[in-house]
Amino acid sequence: MRGMTIAMILTASVGWLGSFPPVHAETNIPVTEGSTVLIEFTITVPEAKIVIPKNVSQFVPGRNEMLPNLEKALTGMKKGEEKRVDLSVDEAFGPYDDSKKTVMSKDKLPADAKPGMVLTTAEGVPFVVVSVSGPEAEVDFNHPLAGKHVVIDVKILDVEPPTSTG
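Per our numbering, the sequence shown starts with residue 9, numbered consecutively.
No lab work stands behind these hints, which were simulated from the structure alone.
Check each hint, because a few of them may be wrong.
As the list claims (entries may be wrong) - Have a look at the derived ranges for each label pair, beta carbon to beta carbon:
1) Asp-161 <-> Glu-131: 29 to 39 Å
2) Lys-116 <-> Thr-40: 41 to 51 Å
3) Gly-132 <-> Tyr-104: 19 to 29 Å
4) Lys-62 <-> Glu-41: 51 to 61 Å
5) Pro-170 <-> Lys-109: 33 to 43 Å
6) Lys-109 <-> Pro-169: 43 to 53 Å
7) Val-133 <-> Thr-171: 29 to 39 Å
8) Thr-83 <-> Ala-119: 39 to 49 Å
Unchecked claim - Mimicking EDC-like on lysine to aspartate or glutamate, the simulated pairs with C-alpha atoms at most 20 Å apart in a straight line are:
9) Lys-86 <-> Glu-48
10) Lys-114 <-> Glu-146
11) Lys-163 <-> Glu-73
12) Lys-116 <-> Glu-144
Beta carbons: idealized from backbone N, C-alpha and C, even for Gly.
Put together the whole structure using the sequences plus the hints.
See the structure below:
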């Protein structure tokens with residue numbers, strides 16, 4: 009298992025970090041299915057007064073790399089444009105599901121596992137350590153933002169036109 013920060017989990021849920029192509033010179037290309045989009049975003053959970061600071065992510069609309077309702081809200085935007093996208097629980101990471109909490113042997117966790125840590129299974133599935141007591145640990149496989157209303161402030165940094173594959 010490897011440890012992950014909540015920002016890494018969120019970034020993985022909203023897009024991916026990696027090497028980005030050079031910024032495109034043309035600024036009037038809209039976000040459309042198949043285009044390559046580079047965004048800067050901040051996630052806010054208003055009711056919990058949580059702000060996940062700026063991240064940069066790249067995604068291709070239509071490839072299910074981003075929350076569907078966020079992708080829909082960004083469609084048609086162009087380089088330099090900014091938008092605040094307010095997503096309800098159902099539009100964001102879905103409702104919290106108590107059945108996704110379980111107990112596992114503490115031996116299956118890293119020795120330094122503590123409540124609040126975000127870890128991943130060998131298959132790459134993230135989970136949060138809820139508590140560690142004796143030989144057992146309670147873990148939660150809900151997305152860290154499940155059950156939360158989120159506001160995502162996005163700036164389009166670049167849009168590359170769709171590439172034709174023939």
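So, against the hints stated earlier in the document, which numbers end up violated here?
4
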